[in-house]
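> Keeping their order, the protein sequence lines are chains G and H.
Note that my numbering has the first sequence beginning at 1, numbered continuously upward.
Note that my numbering has the second sequence beginning at 208, numbered continuously upward.
Keep in mind that the hints are not guaranteed to be accurate.
Below, simulated DSS-like cross-link-like pairs (lysine-lysine); rule was C-alpha separation at most 30 Å, straight line [said to hold, decoys possible]:
1) G:K108 <-> H:K404
2) H:K404 <-> G:K74
3) G:K161 <-> G:K150
4) H:K318 <-> G:K108
5) H:K463 <-> H:K404
6) H:K318 <-> G:K74
It is worth saying that the hints were derived from the structure and are not from the lab.
Since the structure is predicted, the reported quantities are computational estimates derived from the model, not experimental observations.
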Amino acid sequence: MPPQKRKILWVEDSARFELAPLVGPVLASRQYDLTLAENASTASERLLRTRFDAIIVDIRLPPGVHPYWVDIFKSASSDRVNAKLGLALLNWLFGVREGGAPHTRNGKPVPPLPDAWKVLPQQVAVFSVENHLEVSSTLELYGVTVMHEKRPGLPDTILLKILSEVLAQSSDSTPGMPGAPGTPAGPGAQGTQGALGAVGTSGASRG
Amino acid sequence: MALPLDSIATIFIFLIGLPAILLQTLAAEVRHTVLKDRTAVAFFTITPIVVASMLVGLGLHLTEPDGPLGPAMTTERAEKIWLAILTMLLGVCGGAALLLTDRWRRTSVVKRLRRAAARGIAAYGRPSEGALATLVELGVQSRGGDDKTLIIGALHLLMTETQAHESYDGAQLEELIKGLEDVMVAGPFRASAPNFKAGADLLEHLVWESRDRDESDDHKMALQLASILGREALRFEQPHDQIKFVEILAFAGEGKNIGYAMWASQAMLELGGQAIESGRILVAMMALSKLESLVYAHSPVSGELAFDFVGLIAHFYAQRETGRDYGKQFLDASLFTEPLPEVIRQARGACIQSARFRTGDYLDRMLADMESAAQAAAVTTDA
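Chain G extracted, bound-state conformation (with noise of 0.2 Å):
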């Protein structure tokens, strides 16, 4: 059998220059299945219909069109600064609602992640301009310890570098969850889902 390749959300809108040297490096290591989301309603969309083993979120998002989202934009004067989509999909993510009932906003709800692919904070890595003290308490809350500022100088291979820093902290897994070392890989861990391997060991860091 070949090596299943790690399936990777990168939700990111404003990397339209600079595509080309992040990316590449990405595909050209065969490693990883990279799929790009522009805004909070293609990933939450993506990530209620594909296991992924990692994500790399951008925080100053666009809604795209799910009213949800939107609602959120507008509700921040429909500035991007102000909005911070990428912690409102953290706190979608993560965040706990009684008795476990859908993210809403004006009647539009947003549905939990299926219980078979739920994700991990350690699965989560932000990837964004702000300074780590801005969000610094909210990424605690929700237990995301891994983040890199966006600043010049940064080398093309920042993704991969990120992606090894969260697929080695995610694969410390609690056992008995799918791809943790020793586990077989969980129900539909082929095709669509992607499967959290046995890789290195733990280390929460940030940039």
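We have chain G; now place chain H onto it with these hints.
Chain H in isolation, oriented as in the chain G frame:
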């Protein structure tokens, strides 16, 4: 006061000429669409004239010596009545101008056509063909940019409503998908980059719903259109939107039905091959990566999935040294049920049948190099 004939005549001439003047200010394609509904044009042209005529008749009736105000009618009263009538006539002129300007705006025309098409969804589960055809024709003749985006947005709403209908079974969107293709690539005006993004969004939402169906003609057509539009989008500099089409194909190919994987692989070969020929290397790399993932999911593979995979690798192989080295690393014999040279040989045969001669040539070259290398290795071993 005598009948203010000059003023009334001026107002009537304005009302008669207003529709013609407004029609001339419209874009040609909007005017053509508006004039298709001659009944509506006649109604909105004649109605203000009829209302104005009724107001003039009212004025005449009130001011005539034998009218209801006959005994009490004075010159002063007659003047006031005609002043009021003329004011109302000016109101009719203004109202007609506003009404027709709003009704014949492009956005209003598109909205009416969309609603007319949507009535078919409620009745039959698919958009009304007549209204849809008119909407598409308007889109074909519209300029790239906001004008086409308006049409694509209307098609998107129709698609969403159709898929939400209880009778949707994955085969009601054929005309809509064909219409989207016509809007994007047919006609005298090229679609802009935002138009391709809007088209990609539509196709993405379509396959989100259709992928998990056991069979869906809409899904197949969406895949084929994603390949066509992806290749058209290669003329733009930014790869972001081009990559979106690759991702649509990859996602669509991951469905339950193995047939979806085959359709997706064919589309990715076409898009990836064209990308590399156009110098859009990142898009080609993405297509190859996604195709590799598809092969991994079904390995060991044979048949069309295998042929498309080696076909795309052959496109990289045909480039100079760097592209060749990059493509060669994907040639993993363990992915195929048959020996690699046999797979390439069969793929070349398939290229002849599917009129992909360029891919066939590249496969030929790759096979020849492999066989030469194998012979050279055999000679070295013997020595």
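> Which of the listed hints are broken here?
Every hint satisfied by this model.
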